[in-house]
Amino acid sequence: MERRKALQRTGLLAGAAVIMPSLLSLFQSCKTESRLDWQPAFLKEEEVKTISALLDMILPRTETPGALDVKADMFIDKVFAETYDITGQKNIRAEIATFNADCKKNFGAIFTDLNEADRTKVLQEAETTSEKFNPGIWGVSLGKQKPIGFYRSMKSMAIWAYFTSEEMGKKVLSYDPIPGNYDPCKPLSGVGNRWSL
Amino acid sequence: MANFNIDAKKEKVYDAIVIGSGISGGWAAKELCEKGLKTLVLERGRIVEHVVDYPTMNLDPWDMELRGGLTPEEKEKHYKNIRSGWVGKDTEHFWADDAANPYTETKPFLWLRGHQMGGRSLLWGKQTYRWSDLDFEANAKDGNGVDWPIRYKDIKPWYTYVEKFAGISGEAMNLPQLPDSHFLPPMEMNCVEKHIKGRIEKEFSDRNMIIGRCAHLTQPHNGRGQCQNRNRCSRGCPYGAYFSSNAVTLPPANASGNLTIRPYSIVQSLIYDEAKEKVTGVRIIDSETNEAIEYSSKIIFVNASTLSTTQILLNSKSSRFENGLGNDSGELGHNLMDHTYRVGAMGKVAGFDDKYYKGRRPNGIYIPRYVNIDENSKSDKFVRGFGFQGEGFRGGNPANIESFGADYKDSILKPGPWEFFITGFAECLPYHDNQVTLNGDVLDKWGQPTLSIDAEFKANEKALNKQIQEDAVEMLQKVGLKDILGFDKEHPPGYGVHEMGTARMGRDPKTSVLNDFNQVHAAKNVFVTDGACMTSSSCVNPSLTYMALTARAANHAVSELKKLNF
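Order-wise, the sequence lines are chains A and B.
Per the numbering used here, the very first residue in the first sequence carries number 1; after that it's consecutive.
Per the numbering used here, the very first residue in the second sequence carries number 1; after that it's consecutive.
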């Protein structure tokens with residue numbers, strides 16, 4: 001745990017201290033809110049902006065935190081950097097590029113440069129046309145899984161990053177690390193949100 | 001717990017040597033040590049001391065740097081294990097290094113290994129069921145394989161003996177095909193499971209749905225704590241609430257003062273003395289120093305896990321045993337079995353949206369075998385049978401919901417729909433041509449020959465799987481589930497992690513490797529009591545039977561030793 005905290009601090013420090021030339025250009029070109037205050041380990045600026053914007057559309061802040069509040073985008077960048085092999089990294093870059101190319105083709109601009117209404121159309125289109133995850137048991141999905149496209153993969157990853165964040169896991173979802181007894185049947189109202197573990 | 005005695009430097013001679021410290025090796029160590037034998041346990045991997053060496057036991061997802069994700073290097077190290085779906089950062093350290101310990105899949109086979117003190121007793125599924133005479137008589141009745149040299153009455157008192165010590169929870173049902181254990185109180189079914197149990201038992205008069213019988217404590221037992229429903233078992237349990245060698249059998253072995261456990265000890269072969277017509281010791285390679293060392297003893301228990309045990313026997317060649325120790329029959333390495341796995345059905349359950357549960361029960365439900373158990377239930381499509389494991393839970397995949405944004409996000413904070421699945425475990429017949437052989441062309445990190453595994457499910461298993469899926473779908477339909485999905489992952493053998501056979505017990509030395517007390521026919525001071533000894537595979541989880549066979553064999557070994565028969 002200590003190691004994790006240490007790494008987080010290092011990450012923030014690096015983000016604050018090192019401004020890469022490419023990031024400078026990002027700051028200069030960005031029109032709205034999308035200033036990066038952290039240093040991605042894998043994603044490039046346009047990619048990070050795309051992912052962050054997607055996450056914010058899917059899981060926005062309401063009365064409860066949104067995906068960006070719990071730094072889901074930072075975590076996903078870390079996952080790409082540290083758990084994907086070279087091929088996986090190449091593929092995810094290509095998928096983000098294709099996603100943006102499609103936005104450009106259909107709406108005239110990359111995702112982050114679209115207005116709210118067009119972004120919504122992009123997501124609605126993706127929701128209705130993309131394949132779904134097969135159910136799984138014991139760690140493996142059942143049946144023949146059709147390839148999951150970029151959008152729903154990202155959505156799934158966003159939910160994972162969101163639900164497994166400490167903020168959500170301990171404060172928003174129902175947290176009970178040592179249940180003790182097993183209560184086999186209780187009113188949902190007595191629990192509230194889903195169990196985090 | 002006192003520290004384990006790992007000093008095997010000075011003393012090279014013991015009363016007994018036990019190879020391996022998993023479920024059966026741990027039992028052998030406990031029984032032999034408690035009966036007064038100076039016992040050396042040879043463990044291929046490192047020491048894993050109960051609680052002390054469970055680094056992830058209390059970690060929440062956010063406490064892990066990648067929240068359970070593995071790096072490409074870790075994935076490479078476990079490139080075979082990972083196919084199982086079980087390997088994550090929380091348990092990675094308990095899975096063997098596939099890269100350093102290669103094996104060859106002549107036909108696809110997943111061989112999951114745990115190379116540390118406790119072996120796979122840290123990782124197992126903990127479902128514990130007695131076998132019955134339906135199982136022990138199966139080969140004799142339908143002519144597949146050879147007859148078991150024992151019957152239920154021979155093992156019954158030993159089931160009770162190990163259950164009383166291990167602690168098995170479950171409900172007594174008085175079913176002839178699934179005898180009751182000596183039970184601790186059963187775990188409970190949740191509301192959906194209770195509902196489905198009622199419907200299945202009403203719709204199908206030949207079937208029962210019971211809570212899983214398992215090696216989890218539902219009350220404090222022998223100084224161990226009861227299950228806290230965290231479902232983090234495979235990381236090691238701080239309460240010692242599930243059965244593992246580390247928490248249950250090795251501590252009393254150690255407390256006897258008779259145990260020496262030597263880690264990093266790869267057993268290369270057994271040493272056979274032709275004049276004495278028995279095995280006098282073992283040769284090991286220290287995995288860290290590569291030093292070759294010999295230890296001797298009066299009796300040897302080989303409990304390295306099914307295929308590793310057979311690998312050691314095959315590699316123990318002498319002029320008396322040119323094809324491996326105890327292989328006069330030519331059956332050593334043959335008749336490899338596993339249960340079929342991940343074939344069944346799942347569906348959604350309506351009407352319980354206002355119900356939830358508290359606690360992560362590390363157990364599910366079980367539907368005992370109902371086919372081919374008597375004349376009335378005879379199938380004309382296959383011999384033997386199957387049982388189901390399953391579970392009801394609130395699941396769903398929020399990523400599949402065709403929505404996004406504020407309302408969507410708030411909605412997925414609530415639990416998903418109730419789902420229920422059952423998945424079958426079918427018996428696999430003992431086929432002579434399902435086999436492992438030594439492979440001198442592929443050597444492991446220590447220059448030792450490895451195994452080639454050549455096994456497959458055949459027509460009978462495929463027919464059983466077809467029936468499993470049809471029955472599973474039919475049951476879920478009849479009980480009123482929606483969105484029912486029948487499935488068959490068509491896993492090759494190995495995925496069930498119930499590998500059995502390759503050094504089978506039998507009545508006739510011409511057709512089997514071991515006798516009725518698990519002794520090698522032609523070297524009676526060598527005992528094999530892990531999965532290698534199994535003559536048939538039942539459809540029922542085998543680990544409890546290994547425990548009982550081991551305690552029984554250890555008792556026999558000590559009584560023979562006292563009679564100076566070794």
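Fair warning: there could be bad hints in the mix.
Heads up, simulated DSS-like pairs for lysine-lysine below, C-alpha to C-alpha not over 25 angstroms straight-line [unchecked claim]:
no., chain 1, residue 1, chain 2, residue 2
1, B, K197, A, K146
2, B, K348, B, K358
3, A, K171, B, K202
4, A, K144, B, K276
5, A, K146, B, K358
6, A, K186, B, K489
7, A, K144, B, K466
To be clear, the hints were calculated from the coordinates, so they are not data collected in a lab.
Status of each hint after checking the structure:
no. : hint              : in the structure
1   : K197/B <-> K146/A : violated (34 angstroms)
2   : K348/B <-> K358/B : holds (20 angstroms)
3   : K171/A <-> K202/B : violated (43 angstroms)
4   : K144/A <-> K276/B : violated (59 angstroms)
5   : K146/A <-> K358/B : violated (34 angstroms)
6   : K186/A <-> K489/B : violated (34 angstroms)
7   : K144/A <-> K466/B : holds (17 angstroms)
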